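One letter stands for each residue in the lines below.
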Amino acid sequence: MTATDSVQNQLFPDESSIACLVRTKAFEGPLDLLLHLIRKNEVDIYNIPIAEITRQYLDYLDVMRELNLDIAGEFLVMASTLIQIKSQMLLPTPVDSGGEDESGEDPRAELVRRLLEYEKYRQAAIDLASRNVLDRDVFARNFPSPELEEVVPEETFAEIEVFDLVDAFRRILAKAPKESFHEVGSENISIADRIADILDFLQGKEMVTFEDLFLGNLTREFIVATFLAILELCRLKMIKLTQVESYGNIWIRSAVLPGDVQTAELPIDITYA
Amino acid sequence: MLKGLVESLLFVSDSPLSLDRIGTLLEEFEREEIKSAIAAIADDCRAEGRGVELVSVAGGYQFRSRHEYADYIRRLKRVKPVRFSPSSLETLAIVAYRQPVTRAEIEYLRGVDSGGVLKNLLDKKLVRILGKKDIPGKPLIYGTTREFMETFDLKDLASLPTLREIQELADSGSDAEQVPLPLTDE
Amino acid sequence: MLKGLVESLLFVSDSPLSLDRIGTLLEEFEREEIKSAIAAIADDCRAEGRGVELVSVAGGYQFRSRHEYADYIRRLKRVKPVRFSPSSLETLAIVAYRQPVTRAEIEYLRGVDSGGVLKNLLDKKLVRILGKKDIPGKPLIYGTTREFMETFDLKDLASLPTLREIQELADSGSDAEQVPLPLTDE
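Residue numbers (the numbering used here), protein chains in the order written: chain A, 1 to 273; chain B, 1 to 186; chain C, 1 to 186.
Chain A on its own, in the form it takes in the complex:
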């Protein structure tokens, strides 16, 4: 057998030799497998012979099972979808409606839409891979030039992504002392947001009322976060609460006096002075 023959066989296994297919071609998922079966049988994608395709699909899963290959859950979900479509098509239907369900739509329609949509992106993936890929087909001088070795650059912002930040934090927690583990959820973060907002809001104002801090979108989440932020700021002694009379307005002011935070150790602009 020539090399070309063996490639041909990989791409076009015999009808009967699904086992060979399993050995030579892994499928990306149920949609990929279904498209393959549709192509192999040379059937119209808008008029899939659902019984036959379902049979072949299940045969494929059987062979995978025999070979002790893991079958991803998605393959099983698709199997039940196919069987469901098949039974819907077998149900007696009103006169002249030929294979359509009560909504008037072919039971296969949704599947066809997904297959066509998937096919578009599979083609787009092939198009991407056939471009001039950097470091595969074409190469650039993406290393520092010797001309610039002696020039000391000014430090500026680098391009980093949010993902780099989360990833850095994950790495720290992985190696940090165990007791520092606790889930950082969106709740903590929205409290931090509110702390920052409240401090911004207080800046340059002598006093604000408690109610002033609850202006805006009054979702439950927002109110809880604001309230916890105020408690946290009190605990940190960064704000002071006063109430002149019972049931009167609660007044809030910044507890940090101008220049208070300025330290010799860190000569920087203090935002909350």
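Worth flagging that the hints you see were computed from the coordinates, not collected in a lab.
This one's a predicted model, so the numbers in the text were calculated from it and none came from an experiment.
Some clues are possibly wrong.
[Stated by the list, open to error] Simulated crosslink set (DSS-like; lysine-lysine; CA at most 27 Å straight-line): (1) C:LYS119 - B:LYS77; (2) B:LYS155 - A:LYS120; (3) C:LYS77 - C:LYS119.
[As the list claims (entries may be wrong)] Here are the computed distance ranges between Cβ atoms for each label pair: (4) A:PRO144 - C:GLU107: 26 to 34 Å; (5) B:LEU19 - C:GLU107: 53 to 61 Å; (6) A:LEU67 - C:GLU28: 39 to 47 Å; (7) B:GLU32 - C:ASP71: 20 to 28 Å; (8) B:ARG164 - A:THR219: 39 to 47 Å; (9) A:VAL224 - C:ASP14: 49 to 57 Å; (10) C:TYR108 - B:GLU32: 22 to 30 Å; (11) C:ASP14 - A:PHE227: 56 to 64 Å; (12) B:GLU32 - C:ALA42: 31 to 39 Å; (13) A:THR219 - B:PRO100: 19 to 27 Å.
Glycine included, each C-beta is placed from N, C-alpha and C at the ideal position.
Place chains B and C on chain A using the hints.
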């Protein structure tokens, strides 16, 4: 003179330079002059026998070796060529065309779990987190990066080829299978 | 053809290439041919208006930008964005996720002194002092700034992905490092 100057800048830069960036660096010159210098350099490279070309990529310009020489350059670089698995390419294509897109949308389109692939693309900086979608559950939304454009030789996202029409694909019949995927570089 | 090939090799190499080395890489070609290709490339570069020259350095050949342009090229480097060091990224991550946070807490998590890094982040205005904590010693407490949000293109801190969201990606499917499929013969 200006042409040589622009060429030397493009040569030493380790990433694509945009017209804006070159304009800022060469404030003594007019944008229009710089623009024609770039065009002249690109023309020169297209001349017979040059080993490099000036490509328009990720919003800037960069010299790149001609793809005909890839085999020889790999001998020099002693690097394994970058390879992308079909699952990464499918996921990348979906993110590129559908961005901003959620993981659930990707998984619906591909029909399979795509968390691992997505994480891998994030690690490789081909995909980035754009933020969270303003729907219940606030899922993360993803998009492609500048590295994605640099890697796949794209001038900008608008220069992605349009997705082929559904009808055309449906008609293409069984011969679609005959084209081997160009996933390897042989 | 050979000239273009040699040019592309010299172009992508980060160190000078000797005639011997090029000869070994291009075993299909005669040394004499390669030698004349190199000479021809050097001649081309001497032509009017080129921005690079082929210099003989450290026993090999290397393209260098023309020294007349050195002043301009230095401008390129001066404003070049530098990558965040892992330590500043780590510190920034802790401040972002644990704010309001003290220096001692940061150092507890990182296990190393973080004063210098923190100072640097304060200078870059990515981190700010929120106030003083009311515990003995009154340590300063830190949080992120508006510039931080702008840098990361975040609407608010709640748009930061949670650890759980990233963990979910990492945990799903072991197919991230999937071996490319045997679709083509190699």
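Now the hints, each set against the structure:
1. C:LYS119 - B:LYS77: 40 Å, violated
2. B:LYS155 - A:LYS120: 22 Å, holds
3. C:LYS77 - C:LYS119: 24 Å, holds
4. A:PRO144 - C:GLU107: 26 to 34 Å: With a Cβ separation near 33 Å, A:PRO144 and C:GLU107 satisfy 26 to 34 Å, so the hint holds.
5. B:LEU19 - C:GLU107: 53 to 61 Å: 46 Å Cβ-Cβ, so the 53 to 61 Å window is violated.
6. A:LEU67 - C:GLU28: 39 to 47 Å: 45 Å, holds
7. B:GLU32 - C:ASP71: 20 to 28 Å: About 23 Å separates the Cβ atoms of B:GLU32 and C:ASP71, which means 20 to 28 Å holds.
8. B:ARG164 - A:THR219: 39 to 47 Å: Holds: the Cβ-Cβ distance is about 44 Å, inside 39 to 47 Å.
9. A:VAL224 - C:ASP14: 49 to 57 Å: At 56 Å between Cβs, range holds.
10. C:TYR108 - B:GLU32: 22 to 30 Å: 58 Å, violated
11. C:ASP14 - A:PHE227: 56 to 64 Å: Because 58 Å falls inside the window, the suggested range holds.
12. B:GLU32 - C:ALA42: 31 to 39 Å: Once the Cβ atoms are compared, 33 Å apart, the range 31 to 39 Å for C:ALA42 and B:GLU32 holds.
13. A:THR219 - B:PRO100: 19 to 27 Å: The hinted range 19 to 27 Å holds for A:THR219 and B:PRO100, with Cβ atoms some 23 Å apart.
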